[in-house]
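Trainee: Sequence:
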Amino acid sequence: MANNYEHSNKRQRTDDGSRDHEDRFKPPPSPCVHVRGLSEHASESDLVEAVQHFGSVKDVMMMPRKRQALVEFEDISGAKNCVEYCQQGNSIYCGGSPAFFNYSLSQKIQRMGDLEDVRPANHILLFTVLNPQYPITVDVMHTINNPYGQVQRVVIFKKNGVQAMVEFDTVESAKRAKQALSGADIYSGCCTLKIEYAKPSRLNVTRNDAESWDYTNPALGGKDPPGGRGQPLLQEPRFGSAPAPYNGPAGSGFGGGPGGPPGFGGGGPGYYDDGYEPYGRAGPYGGPGERFGPKGGPDRYGRGGGGGYEGGHGSQGAVCMVYGLNMEKMNCDRLFNLFCLYGNVVRVKFLKSKEGSAMVQLGDPISVERAIANLSNAFFFGSKLQL
1 MANNYEHSNK RQRTDDGSRD HEDRFKPPPS PCVHVRGLSE HASESDLVEA VQHFGSVKDV
61 MMMPRKRQAL VEFEDISGAK NCVEYCQQGN SIYCGGSPAF FNYSLSQKIQ RMGDLEDVRP
121 ANHILLFTVL NPQYPITVDV MHTINNPYGQ VQRVVIFKKN GVQAMVEFDT VESAKRAKQA
181 LSGADIYSGC CTLKIEYAKP SRLNVTRNDA ESWDYTNPAL GGKDPPGGRG QPLLQEPRFG
241 SAPAPYNGPA GSGFGGGPGG PPGFGGGGPG YYDDGYEPYG RAGPYGGPGE RFGPKGGPDR
301 YGRGGGGGYE GGHGSQGAVC MVYGLNMEKM NCDRLFNLFC LYGNVVRVKF LKSKEGSAMV
361 QLGDPISVER AIANLSNAFF FGSKLQL
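For the record, in the sequence shown the residue sitting at position 325 is 325 according to my numbering, with numbers rising by one throughout.
Worth flagging that the hints you see were computed from the coordinates, not collected in a lab. Keep in mind that this is a model prediction, so the values were computed, not measured. Ideal Cβ positions, reconstructed from N, Cα and C, are used throughout, including at glycine. Please note that a few of the clues may not be correct.
[Unchecked claim] Pair by pair, the computed Cβ-Cβ distance ranges are: (1) Glu-84 / Lys-108: 38 to 44 Å; (2) Gly-221 / Met-321: 42 to 48 Å; (3) Lys-352 / Lys-66: 52 to 58 Å; (4) Arg-65 / Val-171: 48 to 54 Å.
[As the list claims (entries may be wrong)] In silico lysine-lysine, DSS-like type, Cα no more than 25 Å apart, as pairs: (5) Lys-80 / Lys-108; (6) Lys-384 / Lys-349; (7) Lys-80 / Lys-58; (8) Lys-58 / Lys-108; (9) Lys-108 / Lys-26; (10) Lys-26 / Lys-80; (11) Lys-199 / Lys-108; (12) Lys-159 / Lys-108; (13) Lys-352 / Lys-329.
All chains should be built: construct the whole structure from the sequences, respecting the hints.
Mentor: Structure, rendered in structure tokens:
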């Protein structure tokens, strides 16, 4: 069915014998615009951002393998503004590269496999998480969706892979989240989000736990709301082996500022204390990210604002190497007491292969920086520490 939306990319020979990039025919005006020549890195949010000033965007269908897309405007005037702007010799940049816009042969976007018309916009979104290498919990889903509107309920199910439904307070909030998050990775190279409007009109939550939560009824099931624990969200990849955040174009990774992922409220325990372990993939956690961090200030469930650590940590991890220890007097408890002044200590390990050395894993790279700044070249039990 996708072929109905495409225009021929083949150069056509004109009457004068020359070849041109123009299509063999010019389709009549339509609310649906066909986009060609997209950058392979362009996302749905990039496309919406590029054309939204021409008119209100109703729906977008990406065809990444063909580097094409369809954009359906709310009315035909938005499509006319977009196409006429390009016909005047102007370029529209999407994801940092120019793209070509023309009217589509179709009057609206229709999805493959849909017997009926496209699902109408709904205040409930269906998320499909592709390549889920880390646990997907209600905390994770609430964190990435909350910046775009009030999240009322979240349900996670694993019948067909990892999927989740997120219920917003309004349809507009769901639209904003869908446009901003479609095609994005929660963590670099994994946990890719595919989003569509869901069919239900309301989510039924019977208990509050890691896979379902009713934020309008925090006491459901007798547990505290996830935000009330004061623990940092999306933090398990910083503990040991983890992929780095997405280093894509500006505004395409999680985290509210340069240098790392979003940080939330009070320094409570991380996900490891809840028994979660990463599924694999080595790599330190750190790097740029902008789009998905909260805008600042606490939300209604107690999460602290300011979506991200500041400072350029690059690919720095949260493990500190310690040399020059007096092994006759040092043990794990004493090393813990020494480092806990500068951050949450996750693990301590002495190296058998190199006497007088140890590895100390802290909660985040900032804690490692504090420890290095304060303990390097300090004397402890008569030995000079090197970090």
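Trainee: All the hints need checking, so say for each whether the structure fits it.
Mentor: So, going through the hints one by one against the coordinates:
Distance hint for Glu-84 and Lys-108: a CB-CB separation of about 20 Å, inconsistent with the stated range 38 to 44 Å. Under the hint 42 to 48 Å, the C-beta atoms of Gly-221 and Met-321, about 43 Å apart, fit the expected range. Between Lys-352 and Lys-66 the beta carbon distance is about 55 Å. The supplied range of 52 to 58 Å therefore holds. One distance hint, 48 to 54 Å for the beta-carbon pair Arg-65 and Val-171, is violated here, with the actual separation near 30 Å.
Between the alpha carbons of Lys-80 and Lys-108 the distance comes to roughly 14 Å, so the proposed pair stays at or under 25 Å and holds. Of the supplied pair hints, the one linking Lys-384 and Lys-349 holds, its CA atoms being roughly 19 Å apart against a limit of 25 Å. Distance check on the hinted pair: Lys-80 and Lys-58 sit about 15 Å apart at the alpha-carbon level, within 25 Å; holds. Simply put, Lys-58 and Lys-108 have alpha-carbon atoms about 10 Å apart, close enough for the 25 Å limit, and the pair holds.
The hinted pair formed by Lys-108 and Lys-26 meets the criterion: a straight-line CA distance of about 17 Å does not exceed 25 Å. Taking the CA atoms of Lys-26 and Lys-80, the gap is about 13 Å. The hint holds against a cut of 25 Å. In summary, the hint linking Lys-199 to Lys-108 is supported, as the alpha carbons are separated by about 20 Å, within the 25 Å threshold. Distance restraint check for Lys-159 and Lys-108: the Cα-Cα separation of roughly 32 Å exceeds the 25 Å cut-off, and the hinted pair is therefore not satisfied.
About 16 Å separates the Cα atoms of Lys-352 and Lys-329, which keeps this hinted pair within 25 Å; it holds.
Checked against the numbered hints above, the structure violates hints 1, 4 and 12; every other hint is satisfied.
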